[in-house]
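One line per chain: the protein sequences are A and B, in this order.
Counting from 17, one number per residue, gives the positions in the first sequence under this note's numbering.
Counting from 57, one number per residue, gives the positions in the second sequence under this note's numbering.
Derived from the structure by calculation, the hints contain no laboratory data.
Errors might be hidden in some of the hints.
[Claimed, not checked] Derived lysine to aspartate or glutamate pairs resembling DMTMM-like cross-links, with alpha carbons at most 25 Å apart:
| hint | chain 1 | residue 1 | chain 2 | residue 2 |
| --- | --- | --- | --- | --- |
| 1 | B | K138 | A | D232 |
| 2 | A | K240 | B | D64 |
| 3 | A | K223 | B | D109 |
| 4 | A | K251 | B | D109 |
| 5 | B | K59 | A | D232 |
| 6 | B | K81 | A | D234 |
| 7 | B | K59 | A | E216 |
The lines below spell out each chain.
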Amino acid sequence: MKSSRKVEPLSGNYAVAYAVKSIDVDVISAYPITPQTTIVEKLAEFVANGELDAEYLHVESEHSAMSAAIGAAASGARVFTATSSQGLALMYETLFIASGMRLPIVMALVARALSAPINIWNDHSDLMASQDTGWVQLVSTNNQEAYDLTIMAYKLSEHSEVSLPTMVALDGYIQSHTIEPVQLEDEELVRKFVPKRKKEYVLDPEKPISMGNLGDPDWYYEFKVQQVEAMERAKRVFREINSEFKSLFNRSYEPFEVVYGDDADTILVVMGAHTGTFIKATKTARSEGIKVGIGILRMLRPFPDEVVKHLSQYDYVGVADKSIYFGSPSSSFLTSDITTALHLEGSNTRVATYIYGIGGRVLRLEDALFIIKNLWRISKRLEEYSKKPVFVGVRY
Amino acid sequence: MSKGGVRDLVPGAIITNPPTSLRNKTGSWRVMRPVIDQNNCIRCRICWVYCPDGAILEIDQPYEVKGRKYNISYIVNYDYCKGCGICAAECPVKAIKMVPEVERI
Chain A
17 MKSSRKVEPL SGNYAVAYAV KSIDVDVISA YPITPQTTIV EKLAEFVANG ELDAEYLHVE
77 SEHSAMSAAI GAAASGARVF TATSSQGLAL MYETLFIASG MRLPIVMALV ARALSAPINI
137 WNDHSDLMAS QDTGWVQLVS TNNQEAYDLT IMAYKLSEHS EVSLPTMVAL DGYIQSHTIE
197 PVQLEDEELV RKFVPKRKKE YVLDPEKPIS MGNLGDPDWY YEFKVQQVEA MERAKRVFRE
257 INSEFKSLFN RSYEPFEVVY GDDADTILVV MGAHTGTFIK ATKTARSEGI KVGIGILRML
317 RPFPDEVVKH LSQYDYVGVA DKSIYFGSPS SSFLTSDITT ALHLEGSNTR VATYIYGIGG
377 RVLRLEDALF IIKNLWRISK RLEEYSKKPV FVGVRY
Chain B
57 MSKGGVRDLV PGAIITNPPT SLRNKTGSWR VMRPVIDQNN CIRCRICWVY CPDGAILEID
117 QPYEVKGRKY NISYIVNYDY CKGCGICAAE CPVKAIKMVP EVERI
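Excised from the complex, chain B in its bound form (with noise of 0.2 Å):
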């Protein structure tokens, strides 16, 4: 795709076919993964609500665990995921947790 120049370029950079954010996949910046234990997940929807990029997904998946029935789980979107780890700070049962993405040397 050509990318465009000061001849073809919208003035002042305004982008006419949103979202064009979508193809930033920011996720290559992560240097900590969060990882949901889906077993301790009360599903609260604290990390849901806290996450500053809409990583985090509420998904249409039933899970039963401990006797206890939810209709949906929570699922981190790892294409757009900083890995800032506010989500696993904020999360009141600890269920998330921060796993490196590489091993340390």
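The following block holds chain A by itself, in its conformation from the complex (with noise of 0.2 Å):
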């Protein structure tokens, strides 16, 4: 049989569709949210065009959208649906029944800024107020990235070890709605890498069990350990699934990775879309003999343990966080959890904040430079550490 291996022209969305249609889902919940709405158009588009066969159902909320993707992953069916910003902030009660209930839904978060005042424009608030949901978080930077992580998603949620929604993100428009060339894999080896296995407990009215159940202070416990426990077992799992993927497609994804990191005199750790302008600005700052490392924050849930071991080695690092955590020690969730993890680990690195591209405020490349020089600077003692972040771009 013909391969369909094929590099395609394709937009972060498209991109995710084409993991979607790849993976052979059977059940797809759409609600249309700017700027994820053209992955469920194109997705409804393969269904009509009979290219994938699924169920395609039109609900009237992202809340309802993310109750039948429970319902169907109940059942035992494949499921997918998609969201953004406003879109997330309503299925947020709905999260929790997902991975409560352990079922393995993948959804593609296109990254968008919270209302008010309302935004449609990238940026990471979304994402990060749903961390504590109890979801995997994979984060893209690129589109390529878009498509073979929804890919692994699947087969991460659905290992027996793990059993847990999966959230990929990707940023609205620098992503979902920006062209690059995605190597689409062959159907057949996705399909072989992704089997449809069947699950152990699945509403059937032959062989009846019963789901959502009450849990009373004598039960509760236990369950959300276990959740506990599955968060930090996928980290093994992701690692595992990464080597076999790999091994298939010559492709593979650090849950943390540094660039540049070898020389460098200090770590940017960074997530998402910019990642590209950072390394370019790295790269562009070592011709001054500023050398500073970027680290790809590729895996949010769970926060990678390679990330301390990186950081550690280092007086200062700092983070790149396109969000803000209202009221928190740095205002930052990244810095929150880098902190946190750095200090458990006894280590006294201390991590600068720099918060940037709030409501799809413009990163130039001029601010990543001043980013990674104000940040080497620091690292040098020529310029004083400060706890507070540095609104990057903003006027006062």
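Two independent chains are provided; combine them into the complex using the hints.
What follows is the structure, encoded as structure tokens:
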């Protein structure tokens, strides 16, 4: 049979839709929201053309989209949904139900700022606000990664030792509506990589079980600790899936990867589509002898152990965060996590916070250069460290 | 019976051997108990339909009253009746009375 492997120019949203088609989902529950809409539009086209044999559910809200996904997953179906910003916020209560019921739902999150003021552009406020929902969170940096991580997400979610829902994030517009060459893999091979297995417990009238039960104070706690342990196992399972993915498709994704780190004086941790901008900036800065490594965080939940291993060797590191954690010690979700992780390992490394890209504010190359130079100067004691975040590009 | 813990409970709080809810005798929640007056009951089945807990039972017990013969009777399953009073409120002939479980002190 002819291989369907080919390179296509695709937006991030279409790349996700192709990944969902290639893994042969059974149920898609869809509610449109900018900038996610073209994912479910493309999937509707696949279903209408007979290219994908799936039940396509038009629901009346994101709360219903996730509820339908939960019901379908409970019956053993492989399901997909996608959302952004307010849509994710409306799903909030059902996100906990999906993870608490241990359903392997995969959802694309096209990251967008939260209202108010209403804003349809990209930042990470929706992604960060859902990090405590018990979902695995993978964050892509380009469209190829969005395609690849979506495929890997199903294998991770459906793994018997994990059995948790997974969110695959891509940045609104910067990825969702920007066309890049994407290597589409042969669908037969993808399906071999993520085979449909009979799940142990599904809703089946022939073999009745009950799901979504009451967990009173005598029972609830144990199920929550099981979730904690499943999250912990997801770190190892992801590494295994990553090496299998590499052997089949020759691409791999570390949960935390450092580039230009070998001779660097410090590391800047970044996440999402601006990674390329920061890498370009750090390359540029090298001509001036400014050596800053870029630490790419691809797995937000569970938080990878490798982060501390890489960062604890420096006195100062930096975090570039595209969201604001209001009222927290650093105003940054990422700084909170990274500082906690460092401190728990006994490290005295201090974290400088740079907030950028809020509500889609453009991060110019000069802005990225400013961050890298400022961090480097702090690491060299040429600039005083401050625990307060720098709000890059804001007008005072 | 061991309750099971993190190591052996089925993840996701799935109950694989239903109907375990029968073990939970919710009748202990009751403050008022419905009492059906069989002489006034017209066997209309409304209480059976309205009971949110399925605690009204339709049984094959013939009954003869005021010259009318019935093949069935309704009784309350006090193991699960929570005493909500919906049956008494819905009964069209006021044949169900709510009686306090304990005397007021």
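Results of checking the hints against the structure:
1. K138(B) to D232(A): holds, 18 Å
2. K240(A) to D64(B): holds, 13 Å
3. K223(A) to D109(B): Distance of about 24 Å is within 25 Å: holds.
4. K251(A) to D109(B): Violated - the C-alpha atoms of D109(B) and K251(A) are around 45 Å apart, more than 25 Å.
5. K59(B) to D232(A): holds, 13 Å
6. K81(B) to D234(A): Given pair K81(B), D234(A) holds - Cα atoms ~16 Å apart, limit 25 Å.
7. K59(B) to E216(A): Distance of about 21 Å is within 25 Å: holds.
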